[in-house]
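Participant: Per the numbering used here, residue 525 is the first one in the sequence shown, and the count goes up by one each step.
Note that these hints are calculated values from the structure, not bench results. These numbers come from a predicted model, not from an experiment. Think of the CB as a built atom: it goes at the ideal place given N, C-alpha and C, for glycine as much as any other residue. Keep in mind that the hints are not guaranteed to be accurate.
[As the list claims (entries may be wrong)] Here are the computed lysine-lysine pairs in the DSS-like style, where the Cα-Cα straight-line distance is at most 30 Å: (1) K567 - K651; (2) K567 - K539; (3) K653 - K638; (4) K638 - K651; (5) K541 - K653; (6) K653 - K539; (7) K569 - K638; (8) K638 - K541; (9) K541 - K651; (10) K638 - K539; (11) K567 - K653; (12) K541 - K567.
[What the hints assert, rightly or not] Just the calculated beta-carbon pair ranges, DEER-fashion: (13) K539 - L639: 16 to 26 Å; (14) E635 - D614: 33 to 43 Å; (15) E635 - N570: 31 to 41 Å.
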Amino acid sequence: MVKKNESSIILLTYKGKVLLTMMRDSRQALLKQGTWSFISGFKEKNESFEESIAREVEGEMHIIINGIEFLSSFFYENSTNYLYHAALTDDNVNNIEREEGMSLDFFSLQELEKLPLTPSTRLFIEKYKD
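My request is simple: use the sequences and hints to build the entire structure.
Facilitator: In structure tokens form, the structure reads like this:
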């Protein structure tokens, strides 16, 4: 029996820009070295997808986000990905604390086209860039 993988991915925006992350520690081994991606994570038992993505954001950036909205879902590499969006506030951005080994940055849509992105991040951006 194949294990069903389900993950939450969140598009965080602020003043027309998109927040992406790049891990530089052992977690990066799961991805191609030097690629940018959205914050994402797997759902724990008895947890909603909204709760899982809020937990990931709080764990990785030390902020609490509100107004998480579901956008879509897609199947990619044996995993169902649930896509969410939340707009960051000035307060959120001013209180971000990065985890060690993590890069975070905001990018315009034009800048995103030139970045090395994970395949699922690129698919998501292509679908929602308009």
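Participant: Hint by hint, where does the structure go against what was stated? Just the numbers, ascending.
Facilitator: Per hint list: 7 and 14 violated.
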